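> Okay, here's what each chain looks like letter by letter:
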Amino acid sequence: MKLEEYRGVWTLGEQRDGRIHTVSYELLAWGRSLADKLGVELATVILGHNLADQVQELIYRGADKVYVVDHPALAHFSVDPYARVLTALVREYRPEIFIASATTTGRTIMPVLAAKLRTGLTADCTGLDVDVESRQLLQTRPAIGGNVMATIITPNHRPAMATVRPKSRRPLPRDASRKGEIIFKRFDEKMFESRTRRLGFIRDETAESPVQDADVVVAGGKGLKDGRNFDMLFELAELLGGAVGASRMAVDMGWIPYSHQIGLSGKTVTPRLYLAIGISGAVQHLAGMSSSEVIVAINKDPDANIFKVSDFGIIGDLFEIVPLLIKRLREIKGKEGEGK
Amino acid sequence: MRLAVLVKQVPATDKVKIDPETGTMLRTEMEAVINPLDLYAVEEAVRLKERLSGEAEITVISMGPAMAIEAVKDAISMGCDRGYLLSDRRLAGSDTLATAYALSQAIRKLGPFDLIFAGERTTDGETGQVGPAVATLLDIPVLTYVSKIEEIGDGRIVVHRAIEGGHEVVESPLPALLCVVKEINEPRLPTLSGKIKARETEVPVLTADDIEADESMIGLKGSPTRVVKIFYPKITREGEIIRGDDPEGAVDRLIEFLRERGII
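So the protein sequences, as listed, match chains E and S.
Counting from 1, one number per residue, gives the positions in the first sequence under the working numbering.
Counting from 1001, one number per residue, gives the positions in the second sequence under the working numbering.
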């Protein structure tokens, strides 16, 4: 394999039910910094059906090129046609880096693709950078159960492939003056065949927790001592216009459903405010929230890891502080209400 | 029906101790267990065998050091019939692709199987990449995030996949590989007779030669990825940390801080 024959950064766009999903834009934010550093083009490849009127948006969000494969068989994710089409595109255009979001789709198609291409893949990266001289993609992720971070490279194979957590980066601002090229790729019908068949979809609104889209996340951990104490977190979240998150410990104890879990084995969030209550801050948890704009922690252990990533912290008893905070926020809200 | 389950042995706790000087794992303090998420794969295979009135045979396959035989025995104690451990110095340092290759070779050797079960991911590596890669190398369909087996028979399977926003119902021909999620079942505890059976069952150890592995595809040599650095996460924020001895004062200061940052 001649590494120098591979140039450019690719992201895997995602659509759900025919609409481009926001993870596509988050990936472009990641990809843009890598492509600029390497001085190469950033391209998105997106597979789906009837996408033509939406793909321009990918240019506005940072792509230089968009490869679109439009076919009814691609309307919903299906391993066989997606893998065949993506393998063909990578072989034809030879990107040096190919990143996807760690959604169920990304986490399924990327290992299949990497095995077909016999190249390296690193899951769930929390950091991506390039070494300009060697052109190696530096992929950083929690390792060995999450207590340390590891930087991984793919020295001799291309493309270097990686997935990043949804919401681990904010999309770039939309810039409608950006110009780019949109290329519609056609393939032989055979490429779209699949051994599996989608028979249906059972929608479950409760499977989606609002925590990933919230501007404020109020999260609780072991320090809450009991599931009932999450009630005050819900109250606090409501006052702050946010949603409730939890550490793995709180979920494992059965205090709150898994859909609220923040961290390596849960969701990644980047809210404007992350309020960590009774959470010690294991590396796995930090992996899911450390990119939040402002982090505030309340914990009685002065040595808790969470304080090291906090912009503001109170070392104290959460059972004293949280009710007071709720009371103060209510007073403020009350005054605002009177003013209106 | 011939079933296979892929399992891995992992450190018992996610609080693995790291030597702060060298950055290496303190293995002596480590206890190893079968990957907790693999228990769901084992359980589902055993349930399927029960559903088929015992007309099935379940083979457990693992890869790892000699001590990983315990993970295979744990699966046997839950109801699997036999097990193999793939263990060879030459396999050390395998990344997910090299591991998937070795496992796929073992499956070719021990198979054919109608259905292969794997967990969603391991609790140590947390990649979830090995299952889909094994299926790809065997050229069989992979069904990920499986939360239910709806139907099985006549060379086909219908499953539910737990994906964003709901459950997708998918049909696949057999053979296929399923990566199952926690939601699928409640793993049983081994019975005493299961434990006795596990103790008495011999678990053959397979080497790279036994599975006819291409040496350029296994171990470090066969791994496209390389770990180049291990480090403690850089802690970047130096925030204002106050004592809450005076809770009222602390909360007032927090309110002030949230105002400064434009959050309230």
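It is worth saying that the hints were derived from the structure and are not from the lab.
Being a predicted model, the structure only gives us computed values, none of them experimental.
Please note that the accuracy of each hint is not assured.
Here chain E is said to cover these stretches of chain S; the calculated rule only asks that three of the stretch's residues, wherever they fall, bring their Cβ under 8 Å from a Cβ of chain E [what the hints assert, rightly or not]: (1) 1051-1057; (2) 1060-1073; (3) 1076-1089; (4) 1194-1200; (5) 1218-1228.
With a straight-line Cα cutoff of 25 Å, these simulated DSS-like cross-link-like pairs (lysine-lysine) come out [unchecked claim]: (6) E:Lys37 x E:Lys2; (7) S:Lys1195 x S:Lys1182; (8) S:Lys1049 x S:Lys1221; (9) E:Lys37 x E:Lys267; (10) E:Lys267 x S:Lys1109; (11) S:Lys1197 x E:Lys2; (12) E:Lys2 x E:Lys65; (13) S:Lys1229 x S:Lys1109; (14) S:Lys1049 x S:Lys1229; (15) S:Lys1049 x S:Lys1197; (16) S:Lys1049 x S:Lys1148; (17) E:Lys327 x E:Lys225; (18) S:Lys1221 x E:Lys222; (19) E:Lys185 x E:Lys225; (20) S:Lys1197 x E:Lys267; (21) E:Lys37 x S:Lys1229; (22) E:Lys116 x S:Lys1197; (23) E:Lys116 x S:Lys1109; (24) S:Lys1109 x S:Lys1182; (25) E:Lys65 x E:Lys185; (26) E:Lys222 x E:Lys327.
Okay, the calculated bits of chain E under chain S, using three or more residues with CB under 8 Å as the criterion [stated by the list, open to error]: (27) 107-117; (28) 173-179; (29) 227-238.
Heads up, the beta-carbon is just placed ideally off N, CA and C, and yes, glycines get one too.
> Next, verify each hint and record whether it holds.
Hint check:
{"no.": "1", "hint": "1051-1057", "result": "violated (count 0)"}
{"no.": "2", "hint": "1060-1073", "result": "violated (count 0)"}
{"no.": "3", "hint": "1076-1089", "result": "violated (count 0)"}
{"no.": "4", "hint": "1194-1200", "result": "violated (count 0)"}
{"no.": "5", "hint": "1218-1228", "result": "holds (count 6)"}
{"no.": "6", "hint": "E:Lys37 x E:Lys2", "result": "holds (21 Å)"}
{"no.": "7", "hint": "S:Lys1195 x S:Lys1182", "result": "holds (24 Å)"}
{"no.": "8", "hint": "S:Lys1049 x S:Lys1221", "result": "violated (39 Å)"}
{"no.": "9", "hint": "E:Lys37 x E:Lys267", "result": "violated (29 Å)"}
{"no.": "10", "hint": "E:Lys267 x S:Lys1109", "result": "violated (39 Å)"}
{"no.": "11", "hint": "S:Lys1197 x E:Lys2", "result": "violated (53 Å)"}
{"no.": "12", "hint": "E:Lys2 x E:Lys65", "result": "holds (24 Å)"}
{"no.": "13", "hint": "S:Lys1229 x S:Lys1109", "result": "violated (36 Å)"}
{"no.": "14", "hint": "S:Lys1049 x S:Lys1229", "result": "violated (45 Å)"}
{"no.": "15", "hint": "S:Lys1049 x S:Lys1197", "result": "holds (17 Å)"}
{"no.": "16", "hint": "S:Lys1049 x S:Lys1148", "result": "holds (15 Å)"}
{"no.": "17", "hint": "E:Lys327 x E:Lys225", "result": "holds (21 Å)"}
{"no.": "18", "hint": "S:Lys1221 x E:Lys222", "result": "violated (43 Å)"}
{"no.": "19", "hint": "E:Lys185 x E:Lys225", "result": "violated (56 Å)"}
{"no.": "20", "hint": "S:Lys1197 x E:Lys267", "result": "violated (40 Å)"}
{"no.": "21", "hint": "E:Lys37 x S:Lys1229", "result": "holds (21 Å)"}
{"no.": "22", "hint": "E:Lys116 x S:Lys1197", "result": "violated (40 Å)"}
{"no.": "23", "hint": "E:Lys116 x S:Lys1109", "result": "holds (21 Å)"}
{"no.": "24", "hint": "S:Lys1109 x S:Lys1182", "result": "violated (29 Å)"}
{"no.": "25", "hint": "E:Lys65 x E:Lys185", "result": "holds (12 Å)"}
{"no.": "26", "hint": "E:Lys222 x E:Lys327", "result": "holds (23 Å)"}
{"no.": "27", "hint": "107-117", "result": "holds (count 8)"}
{"no.": "28", "hint": "173-179", "result": "violated (count 0)"}
{"no.": "29", "hint": "227-238", "result": "violated (count 0)"}
Of the numbered hints stated above, those contradicted by the structure are hints 1, 2, 3, 4, 8, 9, 10, 11, 13, 14, 18, 19, 20, 22, 24, 28 and 29, listed in ascending order.
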